[in-house]
Structures are given as C-alpha cells and as structure tokens.
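A.B. asks: Protein chains in written order, with UniProt numbering: chain A, 1 to 229; chain B, 1 to 229; chain C, 1 to 229.
Treat the hints loosely; a few may be bogus.
Here are the computed lysine to aspartate or glutamate pairs in the EDC-like style, where the Cα-Cα straight-line distance is at most 16 Å [to be verified]: (1) B:Lys41 to B:Asp52; (2) C:Lys161 to C:Asp34; (3) A:Lys131 to A:Asp102; (4) C:Lys210 to C:Glu22; (5) B:Lys25 to B:Asp12; (6) A:Lys210 to A:Glu22; (7) A:Lys41 to A:Asp52; (8) C:Lys78 to A:Asp113; (9) A:Lys78 to B:Asp113; (10) A:Lys78 to A:Asp113; (11) A:Lys161 to A:Glu30; (12) A:Lys78 to A:Glu48; (13) C:Lys41 to C:Asp52; (14) B:Lys78 to C:Asp113; (15) B:Lys78 to B:Glu48; (16) A:Lys41 to B:Asp113; (17) B:Lys41 to C:Asp113; (18) C:Lys41 to A:Asp113.
These are calculated hints, taken from the structure and not from any lab test.
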Amino acid sequence: MSSAASPSTTLDFPHRHLLGIEGLKAPEIEGLLDLAEDAAKSIRRPGEVRTDLRGRTLINLFFENSTRTQSSFEFAAKRLGADVMNMSIPTSSVQKGETLIDTAVTLNAMWPDLLVVRHQAAGAVELLSQKVDCSVINAGDGAHEHPTQALLDALTIRRHKGRISRLIVALCGDILHSRVARSNILLLNTMGARVRVIGPSTLLGSAIHKLGVEVYTSMEEGLADATWS
Amino acid sequence: MSSAASPSTTLDFPHRHLLGIEGLKAPEIEGLLDLAEDAAKSIRRPGEVRTDLRGRTLINLFFENSTRTQSSFEFAAKRLGADVMNMSIPTSSVQKGETLIDTAVTLNAMWPDLLVVRHQAAGAVELLSQKVDCSVINAGDGAHEHPTQALLDALTIRRHKGRISRLIVALCGDILHSRVARSNILLLNTMGARVRVIGPSTLLGSAIHKLGVEVYTSMEEGLADATWS
Amino acid sequence: MSSAASPSTTLDFPHRHLLGIEGLKAPEIEGLLDLAEDAAKSIRRPGEVRTDLRGRTLINLFFENSTRTQSSFEFAAKRLGADVMNMSIPTSSVQKGETLIDTAVTLNAMWPDLLVVRHQAAGAVELLSQKVDCSVINAGDGAHEHPTQALLDALTIRRHKGRISRLIVALCGDILHSRVARSNILLLNTMGARVRVIGPSTLLGSAIHKLGVEVYTSMEEGLADATWS
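One chain only, chain A, in its complex shape (with noise of 0.2 Å):
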C-alpha cells in the first residue's frame, strides 16, 4: 500500500538558514528547485512515503497569522516524514523584543532541528537565528525577505518556460512594501533574467533602482516583449 522513497536529487547547499535570497547563488537556487520538483512528484504518488526528513522535527513559529504559509509549510514537512508543531503567537499583547528573544531561548531547549520562522519585523528571523543550534527557515520577515515564495514562483516559471535566465519577467503592484517582491527580484537577477518593475511611483519607492531591475509606471510599456508565450 505504500513505498518508501528518498530524494533522488542530493543538493550541496552549505547553508544552515534559509533566511533570503541575498546570498544565495544560482547553481544553489537551481539544486532547491531541482529538489522540490523531485519532491513534488512524489506526493502525487498516493501512499508514497518519504524519509527526508523522519526523526527530525519541525517547529512553525509563526508570530503573524497565515494559515495559508502555516498550512504549507506543516504540509510539506509531514510529507517528507517530519514531526511538526505549530506556535501562533500574536505579538500584539507582549512587548516585542523580548518575547522573541524568550521565545528563542525556550523553543532552543527542546533541540528542534527546524524552526520555520514569520514575523512582522524585517531582521526578526535572522535575529532569532543566532540565538538557536537548529536551522532556521525564514517564512517572511516585515518588509525584508519571503525566500520560499520566490522559490515556488521560480519554480512555477521554470515548469511553464523550461529556464529562468534570458526570460524577461514582470512584476506589477504594489513593490515597496512587498517582502515577495523583494525576493522575486533577488532572485530572478541571481538567475539570469531580466527583471521589470510596473507601478506608481509611490508604490515603486525612491530605492528601487539600486535592485537592479528595470523601472515602468505604464503597464502598456512595461509589458511590451515581456508577454506570456
């Protein structure tokens, strides 16, 4: 009824955390890519059961509500074998820094080896970070980084294209306040493609040239060649 499996792709990735793109190169981000893919074939195979990640355990502290990125990440890690617990805890009543400091140090003691970390101040995650012997996976912090979706949207790109370098991508909306966005671009730049930003001035902010990417306030324009195909 069911079959065990391992990951076919083994990925040289000397990293501990995964606390953003920044830093990260391409022959990495392409072995994560490789490695999810191989992962996601394999939860389509009714009753297959992978060992990835059996005797170790995974905790998801998130300190922002989102039972979306909550519900993926605890999915994703039960399917690769891991036990998973789950730590809401609202910010809002407590005073900030040292309840994540406290938290840190409490969670630590139980020796986790992963803690899947949001939080709504850019830099929380990899402050907490340093605090812990676990690794520690950034599930997106304030404005800063969500590196985990930019590595799904990345994936998604690569399945419908075939490549993620020489394409020129597009992002439209609201790009200053967005930690995707910020990570898409990082990203996408370490890949190879031309990146393209779309949207009002306000919403683009005076910074945004530093990022390397290219900069349209008319959609007309900024979608012109960069059209699904």
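For this one, chain A is given, so just place chains B and C on it according to the hints.
C.D. replies: Positioned in the frame of chain A, the structure of chains B and C alone reads:
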C-alpha cells in the same frame, strides 16, 4: 512493542466522495460498518499500528467550529496512519462563496488525499468536492446531511441489536433542523428499518412525510413497540 | 538517515497515572529521571527515531491555556513516536463540573492511551482520572500539584549537582499559590534534600510548616549555606 496491521475487511465502495447517505446502497453501508468495527477493535489493542492510510494526507477543513467532531476525525485518521492537518476557517468575516472555491483550489494544489469538510451551508461540501481532485467527506453541511454521524449511530445500533433491518427506530425532538436526523432516516430506511419521528409538528416540518417515516406528535404513541429490548 | 532506538532503561513504576509527586517513592522518581535523561540524549542525536510510544495516542487536554507546557508535552510525545492530539477547552464559558466529566467520557470513548490534563481546579485531574480507562498525567491542577515540572527541575538539579539527596535547596517567592513549589517540596523531601522556603509570610501560608520545610522570611538568612557551588 508494536505490530503492524492491515484491514482484514475489504470494501466494495465505488464512490470517490462520501457526501451523504443518500445514494448509498445497503451493502455499501454494511461494508462501511464492518470496516469501522474492524478498525475500532484495533484501537483497543494498545501499540497496534494500522497502516490503512500510511502515506496519505487528510485535511480537516472546518468552516464551522466543532472541537468534538474535528478531534474524532483527527484521532481516527492518525490511528489509521495518515498525516493530518487541521484548518479552521470561520466564515463570519469573509465573502462566503468566494472563500469556499478559493480555499478548495488552494488546498487542491497541495495534493491532499482526503478533505473532511464541515460548512454551515447545505450543498457547500458537494460544491467543494467538484473543484478538487481528492476525496471529500462531508462532516456536516447546513441542514442537509451528516453521514458519518449516521454511520456511527448505525454501528451503535448494530452492536446492541445485532442488526438494523426490521427494527422500529424512533427519532425524537427537532427533526426539521437536524442534518443528523436526516442522515439517520436515510440510512435506517436503506437498511430496512422502520423509522418513526416524534416531535411537535413545528419541529417536524411539513415535508417530513416525503422521507418515508411514520410521524408522531405524541411521545407515548411514538415509542409504543419501539421499546429498547 | 535515521535509526530506530528503544529505551535503554526500564522503569519499575507500578502506577497507572501520574497525578502528583505525593505517593511516589524515591527509586520511582530516580527511575523517571534516568528515563528522561536517556530520552533527552536521543533528542540531541538528529534523525534518531524512538519507538517508545509508537502506536500510542496522547491527548493534550488543556482547560487552562499554556502554549509552553502544551508544546513541551506535544514535542516530547512526538519524539517518542506517539500520535498527539491537542484539545484546548476554555472553561470560562461552560458549566465546569459538567464539562469535565462530559469531556472525560467522550474522550474515553476514543480509546486514547494517555491523557495529559491541565485544569484550574485542584483535584480536577484526579477526578477525571477516575472516569477513564487510560493513563492520566497531571500537567497542573489549581494550586495542588505540577509533578512533571518538579521532575524537570529535579533533572536539572541532578545534572548540575550530581545528586539530590543531602542538598540544601531554597525555594524563593510565592510558595502559597504555587503548585510547582508544592510538587518541588514533595519531590525534594522524598529524595532526601533539605528544603527551605523563603518569602514574606503572606506568600508562604500558615500551613507551610506541615510540608516539612525550613521557613525563612529573610532572603539573606535563607540563602546562607544554600549557595550554588
């Protein structure tokens, strides 16, 4: 310390979903009860590990809160070896139709094997089942059906009386607003019992006769011959 | 990637429940600490899969919210191979006595192996234990006992001092309202330590002498000879 067990009963059940008792045939219901009896026995043998649902993922999707029902599904699925994820989505704050379809599509993308859904609107679970690739179990939809509760009641009856056919079964109280009563009536009729409903006419509804039951407004008359022996 | 391990320590513990430290003998406490030490070591070996509780189901039944305590039990049980289900039942909105018994009977029908119960009323956990067929662990009941916290503190003391007997241990603060202090005192006395309590008399209570402790209202005097070495 533990021993693995597979179901000793096989079930001929040519339905992808379990949306209601309506449409089920007597041998299918009998088969479900046999399978449940077999699983229930396993649960009482400490340390026995069932593998029926190993490698399968079940999502409890509750748009209406119910600790007891959700826990029962979670408990049962885990005992059968499944990975379980709970999602409670209060509908009070959201646009109902949109959320339902939206949620269905999102969850479908995770490739679960089973969705257990409770919703306050009759027909919502069937609608959702049309949008997903997995199997859907109705854990109660509005005043429509609650098939697993009816199966559980039937199991209890069969345990105590040895059979369901030719029994006289009386349902007392608010029949009109009860999805459980409706599923009970459908199941008991299919299994060859004689069903009586007893209640004030305002709680029986004007269409009650269409369900093929004997209607009583007097408790005394309704319970005559339907005594517990 | 993973290796299965069974406990290398066996425990002579002729109790079905763990409702308090009261009634436990020194060798039983010592045995629990040995077992905990053994399990704690496993947790630090990544990928090691313990099977102590494989095929067993534990329900966390918390009538009083406590993210940290509930998470600890959930984490520990999962690492030992159990299936875990969390039920948080705020008692504020319900008729207390009725719910407790009602809940016990309902859960008992699910045939769990272990119930971990926290309740704000002293004695509630013992009452519940009389209504079920499974084992019950008291995770704190009113101002009565919190035995697992006392065991954890004892483990920490033993790690740092090598033994518990003949130590002078001072508990400082609000002793009167603390179930942890009460369980600590009972455990430390049983293990042959000398226990001091230090606090303002209003937070020690008039019956404190009955617990077999030395009472101090001066921090300076109480801590003399009880220094951390």
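A.B. asks: Looking back at the numbered hints, which does the structure fail to meet, lowest number first?
C.D. replies: none
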